[in-house]
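Novice: Those protein sequence lines, which keep their order, are chains A and B. In the numbering used here, each residue carries its 1-based index in the first sequence increased by 78. In the numbering used here, each residue carries its 1-based index in the second sequence increased by 3.
These are calculated hints, taken from the structure and not from any lab test. A few of these clues could be false.
[Said to hold, decoys possible] Derived pair list, reagent style BS3-like, types lysine-lysine, alpha-carbon separation capped at 30 Å:
no., chain 1, residue 1, chain 2, residue 2
1, B, Lys41, A, Lys81
2, A, Lys131, B, Lys19
3, A, Lys133, B, Lys19
4, B, Lys6, A, Lys135
5, A, Lys149, B, Lys41
6, A, Lys131, A, Lys148
[To be verified] A short list of chain A residues far from chain B (calculated; beta carbon distances all over 12 Å):
no., residue
7, Leu89
8, Thr93
9, Gly94
10, Glu95
11, Lys96
12, Arg122
13, Asp137
14, Glu178
15, Ser185
16, Leu190
Quantities reported herein were computed from a predicted structural model and do not represent experimental measurements. Idealized CB from N, CA, C, for every residue including glycine.
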Amino acid sequence: DVKVTQSSRYLVKRTGEKVFLECVQDMDHENMFWYRQDPGLGLRLIYFSYDVKMKEKGDIPEGYSVSREKKERFSLILESASTNQTSMYLCASVLLNTGELFFGEGSRLTVL
Amino acid sequence: AQKVTQAQTEISVVEKEDVTLDCVYETRDTTYYLFWYKQPPSGELVFLIRRNSFDEQNEISGRYSWNFQKSTSSFNFTITASQVVDSAVYFCALSDPLVGTGNQFYFGTGTSLTVIP
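Isolated chain B, as found in the complex (with noise of 0.2 Å):
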């Protein structure tokens, strides 16, 4: 059965630290995809990244960058040089294949982020 786990509830820095947030999935398919978002603290979640099962590439768009493993089943977010902006939930998510109807998204429990000034 397919399962994210976000291991960290709740995060805290000081600005301009790094952070990483960690997430371990489980899945039977070999073709899936993984995904970050963010939750700040308005509600709206923000899609940040997709990635398929396929691509090892780490990723990297600014202070963001992910680091995704297959060997370890895991898909790591860190913020490099955090901003009191970054405050929010993150959520980490798997989703089945994308073969038209029926596919599903299974998400983590979230991280809470605080970034203090």
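In isolation and in its complexed conformation, chain A is listed as follows (with noise of 0.2 Å):
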């Protein structure tokens, strides 16, 4: 089975702390996602990755940082977490040939 796996699935944070949220696959996926979930606003797309060192900004990048240095892991990282940050985060894979998601079991944040 493909599995997403986030790095800690509750972190609790104060305003101006660095974090890392982690994720890693383990189904050699070229593409990686991370979003950020919110009440009424569905999935927001912060950064993608198509390869390796490769990132692309998606709807809602700003204040937020990734990296992507071995293909299976894709971090997100916040430089100096704001209170407007607390969320869930989500991270995806993609399979390609079939544009089928795989996601992550999700990370929530709170920043105090």
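Mind docking these for me? Both chains are given alone in their own frames, and the hints should help you get the complex.
Specialist: If you want it as structure tokens, here you go:
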């Protein structure tokens, strides 16, 4: 089975802290994504990556950065967390010939 | 620009009732893909179906069925004889042509379905 694993299910951080959210997939997928999910807003794309060391901004990249040093790992970085970044963060990878996104379980971040 | 609209924010039905979740999309592409995903309370989104823009056949899988109509840009999802386990948030999504790098997915805001026993 395809597995997308996010490092933390729940995190609590303080304003100004640096936050790392890590995501690992085990199916050799090229494309990986970070979404943010908020009530009433659905899933909004933060960044995506289609290859190692490649990244593209999504709809709401401000305040975030990403790193893809290895194909299986895609990290989301909040350089200086703010309270408006309290949210559920979802990582996904895609099987290109079907277009099916595989999601991790999500990381619920609370910034105090 | 691509856009997916799920006008129904929340729906409640009594167990065994049928329920239809609406999805309307906008795209300028002639080739695209449509998806439905289910997000149960545990949080992990689960793929339900993919439909490409050239295939307007309706599909049935057990109690689930999907009605794709290009004329109205809709891709509706019906659950027949709903069960409590169907309680979840359901997302409709649209994706760019799968031509290699850079394909993106556009999600609706989701419909929260509650099935009351």
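Novice: All hints, please: hold or fail.
Specialist: Here is what the structure says about each hint:
1. B:Lys41 x A:Lys81: holds (17 Å)
2. A:Lys131 x B:Lys19: Given that 30 Å is the threshold and the Cα spacing comes to 50 Å, the pair is violated.
3. A:Lys133 x B:Lys19: With a Cα-Cα distance of about 46 Å, the restraint between lysine 133 of chain A and lysine 19 of chain B is violated, given a limit of 30 Å.
4. B:Lys6 x A:Lys135: holds (18 Å)
5. A:Lys149 x B:Lys41: Judged against 30 Å, a Cα distance of about 27 Å means the pair holds.
6. A:Lys131 x A:Lys148: Measuring from Cα to Cα gives roughly 8 Å; hence the hint holds.
7. Leu89: holds (14 Å)
8. Thr93: holds (25 Å)
9. Gly94: Holds, because the least Cβ-Cβ distance between glycine 94 of chain A and chain B comes to about 27 Å, which exceeds 12 Å.
10. Glu95: holds (23 Å)
11. Lys96: holds (24 Å)
12. Arg122: Check fails; 8 Å does not lie beyond 12 Å.
13. Asp137: violated (9 Å)
14. Glu178: violated (5 Å)
15. Ser185: violated (10 Å)
16. Leu190: holds (21 Å)
Hint violations for this structure: numbers 2, 3, 12, 13, 14, 15, all remaining hints satisfied.
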